[in-house]
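In the order they appear, the protein sequences are chains F and Y.
Start counting the first sequence at 1; every next residue gets the next number (full-length UniProt numbering).
Start counting the second sequence at 1; every next residue gets the next number (full-length UniProt numbering).
Keep in mind that the hints were calculated from the coordinates and are not lab data.
Hints may be right or wrong, so weigh each one.
[Claimed, not checked] So the derived list for chain F, only partly shown, Cβ under 7 angstroms to chain Y, looks like this:
#1 89
#2 117
#3 121
#4 223
#5 227
#6 229
#7 233
#8 236
#9 238
#10 239
#11 241
#12 283
#13 285
[Stated by the list, open to error] Derived Cβ-Cβ restraints for the label pairs, each shown as a range:
#14 F/248 with Y/134: 51 to 61 angstroms
#15 F/42 with Y/61: 48 to 58 angstroms
#16 F/248 with Y/52: 18 to 28 angstroms
#17 F/124 with Y/52: 41 to 51 angstroms
#18 Y/137 with F/321: 41 to 51 angstroms
[What the hints assert, rightly or not] If you only want the chain Y side, here are some residues facing chain F, beta carbon under 8 angstroms, derived:
#19 81
#20 106
#21 233
This one's a predicted model, so the numbers in the text were calculated from it and none came from an experiment.
All C-beta atoms in this analysis are idealised placements derived from N, C-alpha and C, irrespective of residue type, glycine included.
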Amino acid sequence: MADVAGNHVSAAAEDPAQVAPKRAARQHSLRMLAFLAVLALFSCALFMTLGARGNWSFVLPFRAPKLAAMIVVGHAIALSTVIFQTLSGNRILTPSIMGFDALYALIQTLMVVVAGTAFVTAADPMALFFAQTAVMILFALGLYGSLIGRGARDLLRLLLVGVILGVLFRSLAGFLQRLIDPNAFVVLQDRLYASFNGIETDLLAVAVVAIGLVTFAFWRLLPQLDVLALGRDTAISLGVDPVRLTQLSLGLVAVLVSVSTALVGPVTFFGLLVASLAVALVGSRRHAETLIAASLIAVICLVGGQTILERVLGFDTALGIIIEFLGGIVFLAIVLKRGIQ
Amino acid sequence: MIEAVALTKLYGDSRVVDGASLTLDAPGVTAIIGPNGAGKSTLLSMIARLLPIDEGKAFVDGLDVTRAKGDELARRISVLRQENGLLARLTVRDLIGFGRFPHSKGRLTANDHVKITEALAFLDLEPLAERFLDELSGGQRQRAFVAMVLAQDTKAILLDEPLNNLDIRHAVSMMRLVRRAADELGKIVVVVLHDINFASAYADRIVAMREGRIVVDGPVEAVVSEETIEAVFGLPVLVREIEGQRTCLFRR
Ligand SMILES: Nc1ncnc2c1ncn2[C@@H]1O[C@H](COP(=O)(O)OP(=O)(O)OP(=O)(O)O)[C@@H](O)[C@H]1O
Ligand SMILES: [Mg+2]
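So that you can see chain Y by itself, here it is in the shape it has in the complex:
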């Protein structure tokens, strides 16, 4: 479904993404972790055609992302960026409605309204549906954008730091939602996460990046170990199995 082949992004002489290859075919949750500036957002942006690719190729459902028609890709892959700016003053429901654009081209059908209502419910946003986005807290707004991505109803979903601004309850809800999307709806979800424990608890597979390269790519057990995490983040950590879950602890 998603295939990145030796993707590279250059800014001047620095290769901020350097020959990153990634294949995602089965439904599931893949977490991308790595320090600030590792190139996580850049990699996602190239796959989602938000940034031009300097070297390598990216395919979504067999379509070359640099050549395929925008609306065909928009029915197959959706992306949530790390930060979102808006010109129009919209309500939450309006925004989620835009997620249906690739399907309805701006004229919402009854089916679209069903999808919008579902997305509102999924993200716990019903009470806020008619509120304007600039009247929401950062976390509420973040959920509204995720709901829009969900309403787009694509097989592949890329989320760049969806836990930004979320309190612990909504962060857990968001990750459970991501799991449900993969398990019940068969979606291929890629999430950039900073909290290794969230990645360890909810992901099937973890991709770790450092200085533009993918340094580890494998199941949780293979990645969340003291040696690997230290190698990726340059920080000594303790990894313990707690309640059957790999957990990362930090020394004072």
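Isolated chain F (complex conformation):
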């Protein structure tokens, strides 16, 4: 054995039986990604074609936006969750558990209360959307940036603060909603609980562009995020500024969350479900692999699930509930497993 300083000590340092090569790991994750991609494509194809009777010019405009929305939202949730987990330094938190969605609802409610329904319905949806996202980014940076950026990695504290903020936002929004008149409430309700049905196409277009840009930005940041996953100190030592990277990434996550929430409404545990599955299937060695896997799994769950529910079983609205249920179980499983260890 060639020793560090050239001395030859006969005692074997490592048990040779343990030295099973793990070069296969990378190939394994690539194969898994290919498999997920095929499954995702298959789900999309099924969704578009299954039970499609008659004229394509009728089917296409009806189904295509819904499919696009599911893909875009699934991707946004997957991306935001995996990144958020890196920023917070653990694999239980998601933007939703930390109250991002509730923050969105509160901002919407405040807008209706302060500016009035007339303003909200008359205003340019784009302008409104951008203003809303900007407010959300500022808030997210202020609230979560201070918690996450400065090396506050105490999981329990983060979780607690997140949950409390979430409850606070939700109750505040609920309280304000009780104060406004019923007509205003209907307008608000519409904005808070949109579903995959009846997606506004112009908003969809904005969402595609916004999420596309954020994805590109994150793609450029991936090597730095890989370094950040080594921990704050190692990241600094390797020349990555964790505070700056965290703030930038939190801002981008806020964009993803507000876009996807604006499009389809809040989901709490879905992100956790896809992120956990992705880590289990392809590991967490590189963000690129984990992220692609998470996005593909999100598309498979949403599109595949919707196809089965809608086309095979004949339900329509239950998908969200089922996915939240599964995600909640995954959350509990992770928390319990950690507690036992």
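Here the structure of chain F is known, so what remains is to put chain Y with the ligands in place on it, guided by the hints.
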């Protein structure tokens, strides 16, 4: 290369590092010794910009560490912390590859792979290269982190207790490696050590800290003496010359 000028760290009213000044220019091995809580890690962390500096200044290669760009510093100074947490599940080779980040920004070149292979060999890690870090013993993991620091290939290297968890064979190997880095590669290495005899055997210079202050700073002969060690650690010891090497012994 490294210049610390009256560095001070305050936690509330307590000055855990109190006006510590240190200049390191020539290649060589400098050991920092001192009792638990003396401020050794804090001093290293401030020089390596891991902790904000409350008073004083630190320069690396003429760059003020609080102002200079992170990646410029990362090509000049590397640091191994006392404890390391990880979120991602990485193999040893992956981890060492990250040491190349300041040079390659995440896209490993052929040269980077050469450096990674060298670092693996230096630390006796080839058989473990494809193992995941959470499948290693504490000492093996410690070596993997040192290999990452080595792959970073900086002129100045700060190691906070690199002998943590190492068996005697690997501890000796590690110190020989540190010597080689200084002698053959011209590195400026600072190591925090708890074993005075390791410091005495391998260092050129010893810096002793106590209660936040640097109390002695000099060649081995000047520091490893019964009076000085007793003054630093508050413990009476015997110092004998054995085989030409200052050795510290303890009474029962
Ligand atoms: N975040 C903190 N808040 C308050 N005090 C701190 C903090 N971090 C460190 N200290 C104190 O600073 C002092 C110096 O700590 P430091 O880690 O530098 O010691 P050390 O010399 O490296 O000790 P060891 O040999 O145990 O590693 C200790 O008394 C410690 O309690
Ligand atoms: Mg220490």
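Now the hints, each set against the structure:
no. : hint                                 : result
1   : 89                                   : holds (6 angstroms)
2   : 117                                  : violated (45 angstroms)
3   : 121                                  : violated (45 angstroms)
4   : 223                                  : holds (3 angstroms)
5   : 227                                  : holds (6 angstroms)
6   : 229                                  : holds (4 angstroms)
7   : 233                                  : holds (5 angstroms)
8   : 236                                  : holds (6 angstroms)
9   : 238                                  : holds (5 angstroms)
10  : 239                                  : holds (3 angstroms)
11  : 241                                  : holds (5 angstroms)
12  : 283                                  : holds (6 angstroms)
13  : 285                                  : holds (6 angstroms)
14  : F/248 with Y/134: 51 to 61 angstroms : violated (29 angstroms)
15  : F/42 with Y/61: 48 to 58 angstroms   : holds (56 angstroms)
16  : F/248 with Y/52: 18 to 28 angstroms  : holds (21 angstroms)
17  : F/124 with Y/52: 41 to 51 angstroms  : holds (45 angstroms)
18  : Y/137 with F/321: 41 to 51 angstroms : holds (47 angstroms)
19  : 81                                   : holds (5 angstroms)
20  : 106                                  : holds (3 angstroms)
21  : 233                                  : violated (28 angstroms)
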